[in-house]
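2 protein chains.
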Amino acid sequence: MILPKFVTLVEVGPRDGLQNEPETISTTDKLKFIEILSESGLKEIEVTSFVRPDQIPQLSDAALLANQLPSSHSVLYSALVPNLKGLERARSSGIKKIAVFTAASETFNQKNIHASIQESLDRFKELIPEAQKIGMEIRGYISTGFVCPFEGDVPKEKVLEVAEKLLEMGIGQISIGDTIGAASPKDVEETIGFLLAKISAGKIALHFHDTYGTALANVYAALQLGITTFDSSAGGLGGCPFAPGAAGNIGTEDLIYFFHRMGIKTGVDLNKIFEASSFISNLLKRPLSSRQWQRLRSQQKGKNSGNGK
Amino acid sequence: MILPKFVTLVEVGPRDGLQNEPETISTTDKLKFIEILSESGLKEIEVTSFVRPDQIPQLSDAALLANQLPSSHSVLYSALVPNLKGLERARSSGIKKIAVFTAASETFNQKNIHASIQESLDRFKELIPEAQKIGMEIRGYISTGFVCPFEGDVPKEKVLEVAEKLLEMGIGQISIGDTIGAASPKDVEETIGFLLAKISAGKIALHFHDTYGTALANVYAALQLGITTFDSSAGGLGGCPFAPGAAGNIGTEDLIYFFHRMGIKTGVDLNKIFEASSFISNLLKRPLSSRQWQRLRSQQKGKNSGNGK
Numbered sequence: 000m001i002l003p004k005f006v007t008l009v010e011v012g013p014r015d016g017l018q019n020e021p022e023t024i025s026t027t028d029k030l031k032f033i034e035i036l037s038e039s040g041l042k043e044i045e046v047t048s049f050v051r052p053d054q055i056p057q058l059s060d061a062a063l064l065a066n067q068l069p070s071s072h073s074v075l076y077s078a079l080v081p082n083l084k085g086l087e088r089a090r091s092s093g094i095k096k097i098a099v100f101t102a103a104s105e106t107f108n109q110k111n112i113h114a115s116i117q118e119s120l121d122r123f124k125e126l127i128p129e130a131q132k133i134g135m136e137i138r139g140y141i142s143t144g145f146v147c148p149f150e151g152d153v154p155k156e157k158v159l160e161v162a163e164k165l166l167e168m169g170i171g172q173i174s175i176g177d178t179i180g181a182a183s184p185k186d187v188e189e190t191i192g193f194l195l196a197k198i199s200a201g202k203i204a205l206h207f208h209d210t211y212g213t214a215l216a217n218v219y220a221a222l223q224l225g226i227t228t229f230d231s232s233a234g235g236l237g238g239c240p241f242a243p244g245a246a247g248n249i250g251t252e253d254l255i256y257f258f259h260r261m262g263i264k265t266g267v268d269l270n271k272i273f274e275a276s277s278f279i280s281n282l283l284k285r286p287l288s289s290r291q292w293q294r295l296r297s298q299q300k301g302k303n304s305g306n307g308k
Numbered sequence: 000m001i002l003p004k005f006v007t008l009v010e011v012g013p014r015d016g017l018q019n020e021p022e023t024i025s026t027t028d029k030l031k032f033i034e035i036l037s038e039s040g041l042k043e044i045e046v047t048s049f050v051r052p053d054q055i056p057q058l059s060d061a062a063l064l065a066n067q068l069p070s071s072h073s074v075l076y077s078a079l080v081p082n083l084k085g086l087e088r089a090r091s092s093g094i095k096k097i098a099v100f101t102a103a104s105e106t107f108n109q110k111n112i113h114a115s116i117q118e119s120l121d122r123f124k125e126l127i128p129e130a131q132k133i134g135m136e137i138r139g140y141i142s143t144g145f146v147c148p149f150e151g152d153v154p155k156e157k158v159l160e161v162a163e164k165l166l167e168m169g170i171g172q173i174s175i176g177d178t179i180g181a182a183s184p185k186d187v188e189e190t191i192g193f194l195l196a197k198i199s200a201g202k203i204a205l206h207f208h209d210t211y212g213t214a215l216a217n218v219y220a221a222l223q224l225g226i227t228t229f230d231s232s233a234g235g236l237g238g239c240p241f242a243p244g245a246a247g248n249i250g251t252e253d254l255i256y257f258f259h260r261m262g263i264k265t266g267v268d269l270n271k272i273f274e275a276s277s278f279i280s281n282l283l284k285r286p287l288s289s290r291q292w293q294r295l296r297s298q299q300k301g302k303n304s305g306n307g308k
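Residue numbers (numbering that gives the first Met the number 0), protein chains in the order written: chain A, 0 to 308; chain B, 0 to 308.
It should be emphasised that the hints constitute simulated quantities derived from the structure, not laboratory data. Think of the CB as a built atom: it goes at the ideal place given N, C-alpha and C, for glycine as much as any other residue. Nothing false has been slipped in among the hints.
Label-pair distances were calculated between CB atoms; the ranges are: (1) A:Gln54 to B:Gly201: 53 to 63 Å; (2) A:Asn281 to B:Thr26: 34 to 44 Å; (3) A:Pro21 to B:Thr27: 34 to 44 Å.
Produce the complete structure using the sequences and hints provided.
Below you can see the structure in the form of structure tokens.
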């Protein structure tokens, strides 16, 4: 098959990776994490979420954090924004790209953001023109793009419907999430293949979790369909903190190894990502779930104990 | 793409999974492990290795174990055999299928079995007719089929050469191993695609390790080439015991989820495999590396603590 020469990684570790962590990470440490990530060659890092501070305590320092982001000319820092109030907070903190979020499953959207899919789309109708006026780029997340933990398999028609509505509103790129990591390459082929009849590949990013170990297989299926933008999280951060060892987002380290091994450029330095995720792992006092992270860590331990081989 | 309706899993947990474990598992416990595996619907389980007992202490009970295997009519129990002496031990223990092993990389073969590839093939020339005489089935392993830890990328021409020599000797199926788990789908496509010009898909099994998280992606690439036999290890046993968390063989649980999700039958009961690998995990006093194993285990812990969700 013909593989692309270059893919784009969107780092979501500071936001999706950290949001469920019960161990509070200080703003200073988050900034350090983002700073190391920013030195890796990544072009986009999702750094926080401007939801109501009590909803995600770990990200309640969103404005404080955004105000102190490193001044990088090569990295675009983005943040989740749920409504006009969040947009105003993001804008005044200097954020240049926002992401709005909804789902393809009603039950999940209700449980996640206490709104129907239509209600969340209605909010975006207010929000997006305001964001466009101030020159912000906009990404749209569609959670449960394949499987919903409450409803099971999500019809591809529903995913297409939500995706088209988001794109009609002027959103530049939609990121379709396998929220519980249950999708297989067949799901990817069926749902994304269906979307591609109406939507160009460049407008679609995929956001996989590695709960069942299928994430890279899904990426491979997506590559075959022409998708070239993938979300990931340094170290595979984002696992449920109450399930030690359970995998979170697909690890940025795993994606980098995978692509580079196939001769596909990412422009991202694996060692820098590992440095960033190791920094967080030390703060969380637990190993991370990325396979490549674990391999590099055990290699490092071997060296430190003089037992390197 | 057109997916097969059915695939065959070859369970290698009792042999490849346990052989590097420093914690000695008693013969009784190994038999219990194999007994539970035998109730899962698996058709073939590689149970031990008749190498010199001092070479792999964990498997030094090969004959004792083989003599007490459950009397199953549906499961074929196989064992590694390095030479005529091993064949005699296997035969007198009632083993009906053997596997011989060599590599596609000279350096690896030298380090692994202290013989050149040609020397190991010469041994098989003695061994195979003897095994055939007593009606044994024979499998041939080719280690480092993609990447060698010492030599790097392994030329596909070398893999084909060794594979053809094994098949010419009358071996029924060759299992090509990604010994260090470094292969990508592109490697699979290139090397296995190259072999398939000369060898029919039914004669090739693939044996992946999940060191870099690429194993299921590699399986998916292999499925696309028409391969339908895959080796795996319950719980993903087989990781280096000195690298906690480092992945071993691809987990049987991961393969089962992957195939079943795509509507491909394996005939194997996931819960039974999980029961077997959990039994071993308790003995080893460590979690296993299969993603699906970790997910099921954390689900189970949630239930046991009355915190199931």
